[in-house]
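Enquirer: In this text, residue positions in the sequence shown follow our numbering: the first is 1, and each later residue adds one.
Everything labelled a hint here was simulated from the structure, so no lab data went into it.
Incorrect hints may have been included.
[As the list claims (entries may be wrong)] With a straight-line cut-off of 25 Å between C-alpha atoms, the simulated BS3-like cross-links for lysine-lysine are:
no., residue 1, residue 2
1, 109, 160
2, 10, 327
3, 136, 120
4, 10, 367
5, 65, 10
6, 228, 265
7, 177, 120
8, 142, 169
9, 78, 228
10, 116, 136
11, 65, 327
12, 177, 188
13, 374, 10
14, 136, 161
15, 142, 120
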Amino acid sequence: MLNEHRTLAKTKILVTLGPATNSVDSIRQLIRIGADGVRLNLSHGSFNFFEELFNSIHSACSLEKSPLAILVDLQGPKIRIGELETPSIELHNGKTIEITIDDVLGTEKLISTSYKELVKDAEVGNDILINDGLIKLTIKSKSENSVICEVINGGILTPKKGMNLPGMKLSTPSVTKKDYENLEFILKYRVDYIALSFVRSSDDVIELKNWLSANGKNIPVIAKIEKKEAVDNLFEIIMAADGIMIARGDLGVELPPQEVPVLQKTIIRHCNALGKLVITATQMLESMINSPVPTRAEASDVANAVWDGTDVVMLSGETSIGKFPFKAVQIMNDIIIQAEQHSEDKTTGYFISPDSLKEKLFDSVGKAVADISKQISAQAIVVFTFEGRTARIIS
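Go ahead and model the full structure; you've got the sequences and the hints to work with.
Expert: See the structure below:
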């Protein structure tokens, strides 16, 4: 039986599917306890895996007689270090390490990178962050095929760890060749949203939307804000995209951590004012990957995102690889209900201000319909819509 409270909640739950939740029975259980949508991370898995996963989603929805929104997350130009000679190496503060664009097995003195334009794009003084920012290097010099760095914050390094290049203007496209191959595959299935990773400007969003249009698709594009360049071009990206995902993981590596909460509130406020979908993501209930209960700080984080006016809160590792995926969804659902019931202004953040979109009649009509439905305790609102915009405004 569906969770009876979910129809009352304005804030929706997006869950990432993975080994812990990719069976038909697991997806049915997610629907029952409050999931509104599922995220498929194309960074992990083969075409055969995702073909089976699409079929499992559709089977679960059919059996439960309940829809799930499907968001597909493109990998984008994820930069990683290469393989190592040993299972791990240790980098020590003050030591020198070389990063090469050649394919080599890494040691404590030399490692490789998947980003072949590193030497071209890098400048002396740029920082390189590895393993979610735990290891920090500073570029001291360049050669033809490598950059020579000083280890600022050392640590244990294992193969294929992610590499962030904050402040560096990258020449690689946001939509990679692999992304286009993935897109051609997923267009065979019902996809409701496509999330574009490592967006830097509105041009990245427009490029993807043009490709979709040329292929006869009008799938909404969600721009992931996770780079400093995206923050610098925030307003134009919001205007070009159909929605925004605040990807706090990579964003917290690219920016000082104290700036992320302020930026989160700013992005949500702008999206609310412009009628754009906004998703708050990453580490919302992170401890529940291994624990049956969240920390108090995590519970407050979810509640504050709701009060800020986010449309969607997202679970990542908690539901894809976690030990307690269903408990995580249930607890997130409970937090949302409590937060919405105790909001000082129940409409703040959920409806578009008519002042910000006064030129567009249907935006004002949508606000009026939502207000009237609350006043008369309407059980449902029927919306006739062509592209779904009016329904999104009212929701």
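Enquirer: So, for every hint listed, does it hold in this structure?
Expert: Structure-based check of each hint:
1. 109 - 160: Roughly 16 Å between the alpha carbons, so the hint for residue 109 and residue 160 holds.
2. 10 - 327: With Cα atoms ~20 Å apart, residue 10 and residue 327 stay inside 25 Å; holds.
3. 136 - 120: holds (20 Å)
4. 10 - 367: Holds - the C-alpha atoms of residue 367 and residue 10 are around 14 Å apart, at most 25 Å.
5. 65 - 10: Status holds; Cα separation ~21 Å.
6. 228 - 265: Holds. Residue 228 to residue 265 sits at ~16 Å (cutoff 25 Å).
7. 177 - 120: Measuring from Cα to Cα gives roughly 20 Å; hence the hint holds.
8. 142 - 169: holds (16 Å)
9. 78 - 228: Judged against 25 Å, a Cα distance of about 15 Å means the pair holds.
10. 116 - 136: holds (20 Å)
11. 65 - 327: Holds. Residue 65 to residue 327 sits at ~22 Å (cutoff 25 Å).
12. 177 - 188: Distance ~18 Å between residue 177 and residue 188 Cα, so the pair holds.
13. 374 - 10: holds (13 Å)
14. 136 - 161: With a Cα-Cα distance of about 13 Å, the restraint between residue 136 and residue 161 holds, given a limit of 25 Å.
15. 142 - 120: holds (9 Å)
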